[in-house]
Amino acid sequence: MRTSQIRHRSLARAANYLAAAVVVLAAAPGCSNEAPPYDATDPRTQRTADDYPMVWIENPALDLTSSDGTFIRGFLESWLLSVRIGKKGNFPGFSTAYGESLTISLNYGPFYSEPFVSYLWPAPYTDLSSLEERSEPASRPVGVAVVCMTTDPLENQGYEFSFTYERSGRLPVSHQAGPRSTPRSKIFGDWKLIELLSPSKERQKRCESLPRPFPFNVRKSTPGWPA
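Numbering (our numbering), first residue to last: -1 to 225.
Check the hints yourself; a few may be wrong.
[What the hints assert, rightly or not] Pairs of lysine-lysine, DSS-like flavour, derived with a Cα cap of 27 Å: (1) LYS218 / LYS85; (2) LYS190 / LYS85; (3) LYS218 / LYS184; (4) LYS86 / LYS199; (5) LYS86 / LYS218; (6) LYS184 / LYS86; (7) LYS199 / LYS85.
Since the hints were made in silico from the structure, they are not lab data.
Sequences are here, hints too, so could you generate the full structure?
Shown next, in the form of structure tokens:
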């Protein structure tokens, strides 16, 4: 079987898991998914990125101001928004960074729900439990993101999202912060997704407790994007 076929199957499997997880998180306490289906003429179903703030919690596992931090933040935020509000949630340059797997995830959105906050934090990366499923080995040109996420901090744990990406060509823009929920311009450089990784019990263990102190009262995108 060709590598591209293996990669596409892996992306489809992981995208199914991630989209399902977003639906589950959206149905958490304080988030309703029993509203009417998306209708372009119905104001009740019109949502923007500002309705779904992304709050990142810093820790030593990732420098959020670095190029890697920008790519990981931008990729995951854009993917989540594409599920929640459709293509209008895509960051500039996202389709190029996502590549051939783009249509897989966008088939799931928009998913209507009441506004809610997502809290995300990087988890340490040390290894992968399913190396045989990867089309390329981990190395300096290959970055790995392990991110934990929750929309309900009272659960006292997060859910793991992981992916690999290619560090090649122009760097993503670093030091991105500001009052906006989305960037105005392309921030991904030439870097691209390699694979969305299927869930792993070993990686999920890194999300089993919330970071402390936890920003319970933060309700806007943090660090956000420049004005």
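Exercise. Holds or violated: LYS190 with LYS85, Cα cutoff 27 Å?
Worked result: holds, 18 Å
Problem set entry | Hint consistency between LYS218 and LYS184 [alpha-carbon to alpha-carbon, up to 27 Å] | Within the cut-off at roughly 22 Å; holds.
Exercise. Has the given pair, LYS86 with LYS199, been kept, meaning a C-alpha gap of at most 27 Å?
Worked result: Since the Cα atoms of LYS86 and LYS199 sit roughly 33 Å apart, the hinted pair is violated (cutoff 27 Å).
Exercise. Between LYS218 and LYS85, does the CA-CA distance stay at or below 27 Å?
Worked result: holds, 21 Å
Exercise. Does the structure keep LYS86 and LYS218 at a Cα separation of 27 Å or less?
Worked result: holds, 19 Å
Exercise. Would the pair LYS184 and LYS86 pass a check requiring their Cα atoms to be no farther apart than 27 Å?
Worked result: Roughly 15 Å separates the two Cα atoms, so the pair holds.
Exercise. Given the proposed pairing of LYS199 with LYS85, does the C-alpha separation stay at or below 27 Å?
Worked result: Violated, at about 31 Å.
When each numbered hint is compared with the structure, violations occur for hints 4 and 7.
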